[in-house]
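Enquirer: Since the structure of chain A is already known, use the hints to place chain B on it.
So the protein lines, in turn, are chains A and B.
According to the working numbering, the first sequence is numbered sequentially starting from 29.
According to the working numbering, the second sequence is numbered sequentially starting from 35.
Hints should not be assumed to be uniformly reliable.
[What the hints assert, rightly or not] Here are the computed lysine-lysine pairs in the DSS-like style, where the Cα-Cα straight-line distance is at most 25 Å:
#1 B:72 - B:53
#2 B:75 - A:99
#3 A:29 - B:74
#4 B:43 - B:70
#5 A:29 - B:75
#6 B:70 - B:87
#7 B:70 - B:56
#8 B:72 - B:43
#9 B:72 - A:29
#10 B:70 - A:29
#11 B:70 - B:52
#12 B:53 - B:43
[To be verified] Quick list of the computed label-pair ranges, beta carbon to beta carbon:
#13 A:80 - B:73: 28 to 36 Å
#14 B:111 - A:74: 23 to 31 Å
#15 B:99 - A:70: 19 to 27 Å
#16 A:37 - B:51: 32 to 40 Å
#17 A:37 - B:61: 30 to 38 Å
#18 A:142 - B:49: 43 to 51 Å
#19 A:97 - B:88: 33 to 41 Å
#20 A:86 - B:51: 44 to 52 Å
#21 A:134 - B:99: 27 to 35 Å
#22 B:91 - A:37: 27 to 35 Å
#23 A:110 - B:61: 29 to 37 Å
No wet-lab data here; the hints were simulated from the structure.
C-beta atoms are modelled at their ideal positions from N, C-alpha and C, and glycine is treated no differently.
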Amino acid sequence: KNQVEQSPQSLIILEGKNCTLQCNYTVSPFSNLRWYKQDTGRGPVSLTIMTFSENTKSNGRYTATLDADTKQSSLHITASQLSDSASYICVVTGTSGGSYIPTFGRGTSLIVHP
Amino acid sequence: DTEVTQTPKHLVMGMTNKKSLKCEQHMGHRAMYWYKQKAKKPPELMFVYSYEKLSINESVPSRFSPECPNSSLLNLHLHALQPEDSALYLCASSQVRENTEAFFGQGTRLTVV
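If we strip away everything but chain A, and leave its shape as in the complex, we get:
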């Protein structure tokens, strides 16, 4: 069964500090891995998307890494801001019968304190 596990479940950091969120997956066959940021009650917003051949991708203060061999990804947030407080969701898409099926992780809830 395809699964996406994220850790930690929740994280509290001080403004200006860095943090790293983890994502492990068992989705096969693998198509791509995406990190989304979701504010409470809002739709998810894409941060990065990586394919099998990519092992790092940056979007401003967000840097995602992917190790397709160990099936692990991380999202590193640099110089955190209060607006980074949100849920960060790892989504791994696999293929099945010609369709692309996303599997969502449960998310990491990040709280940035001043």
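Expert: Chain B alone, transformed into the frame defined by chain A:
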């Protein structure tokens, strides 16, 4: 235009009502999705439309009825819902190809009373 627009933003309905959720995008995406999200849980896939045809139905109860009238619109018709169906309903769209980004709408907050 990179927006997926969902209406209404909030909906309160009784268990005997019939209502519809609407989703619209003008990015030329030919795959559209409905997700259900309960509080503090990840979105759960309900339906996928590909080229206006239903390609995936994740064993969703028949009280939820999707419809894709054209390539820009996706509806979710609701009838005889239960209080446990209260959730945030998210619509997303993407191109029908590998390694493509899915764009999400802001969701409809549904409360069934």
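Enquirer: Identify every previously stated hint that the structure contradicts and give their numbers, smallest first.
Expert: The structure breaks none of the hints.
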